[in-house]
Amino acid sequence: AAGVIQSPRHLIKEKRETATLKCYPIPRHDTVYWYQQGPGQDPQFLISFYEKMQSDKGSIPDRFSAQQFSDYHSELNMSSLELGDSALYFCASSGGLAGGELFFGEGSRLTVL
Amino acid sequence: SQKIEQNSEALNIQEGKTATLTCNYTNYSPAYLQWYRQDPGRGPVFLLLIRENEKEKRKERLKVTFDTTLKQSLFHITASQPADSATYLCARSKAAGNKLTFGGGTRVLVKP
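The listed protein sequences derive, respectively, from chains A and B.
Numbering of the first sequence is given in this note's numbering, commencing with residue 1 and proceeding in unit increments.
Numbering of the second sequence is given in this note's numbering, commencing with residue 1 and proceeding in unit increments.
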């Protein structure tokens with residue numbers, strides 16, 4: 001079965017640079033979520049989209065933005081990167097015949113030097 | 001605001017025994033309590049979901065209970081195996097399609 005696809009899997013950036021993460025949800029899922037997980041922490045909700053419209057917003061810095069496109073893939077854009085942005089970024093999707101559970105991708109590991 | 005918390009101490013257990021993990025919440029009951037497994041550097045994987053009007057759910061060797069009086073969910077792994085070693089996350093959501101708020105996770109180590 002198709003899963004959530006994230007790219008790139010690993011990304012190394014310098015401070016103040018910009019990074020873009022991509023997410024391809026499971027087909028026919030209508031909601032996409034972005035989470036950030038720092039070392040030793042649990043995933044923290046950033047933002048979600050339902051049918052391409054922003055549906056909820058969490059602790060997402062103003063330097064970050066996200067959108068969902070007509071083909072349902074989503075991108076998380078991070079600018080003016082800081083050392084503290086180094087983390088695993090997970091995309092998840094839900095909907096269709098799923099019962100409320102989220103399906104997570106394998107994550108994108110961002111390292112800011 | 002509502003909080004959800006898990007025991008942050010790691011749980012060491014002998015193979016074959018039952019591992020029991022606790023997830024406590026404050027204030028009102030979440031509509032959904034969900035349990036996920038996460039291996040190091042990997043994405044969380046859904047295990048079980050229980051609604052606030054349900055008492056118990058089972059799936060193979062896994063069982064989850066929901067006690068709205070104690071404001072607690074228990075997650076059991078019976079006949080534990082070394083392959084069950086991972087971090088287990090509980091999470092609450094208000095409804096299907098809503099964001100998850102995680103409880104911190106409990107690391108389980110099953111020793112042969």
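Source of the hints: derived by calculation from the structure; they are not laboratory data.
This structure is a prediction, so every number in the text was calculated from the model and none was measured.
Be aware that one or more of the hints could be misleading.
[What the hints assert, rightly or not] Lysine-lysine pairs mimicking DSBU-like chemistry, simulated, CA-CA at most 35 Å apart:
id, chain 1, residue 1, chain 2, residue 2
1, B, 59, B, 17
2, A, 52, B, 111
3, B, 3, A, 52
Hint-by-hint comparison with the structure:
1. About 17 Å separates the Cα atoms of residue 59 (chain B) and residue 17 (chain B), which keeps this hinted pair within 35 Å; it holds.
2. For the hint linking residue 52 (chain A) to residue 111 (chain B), the alpha-carbon distance of about 46 Å lies beyond 35 Å, and the restraint is violated.
3. About 29 Å separates the Cα atoms of residue 3 (chain B) and residue 52 (chain A), which keeps this hinted pair within 35 Å; it holds.
When each numbered hint is compared with the structure, a violation occurs for hint 2 only.
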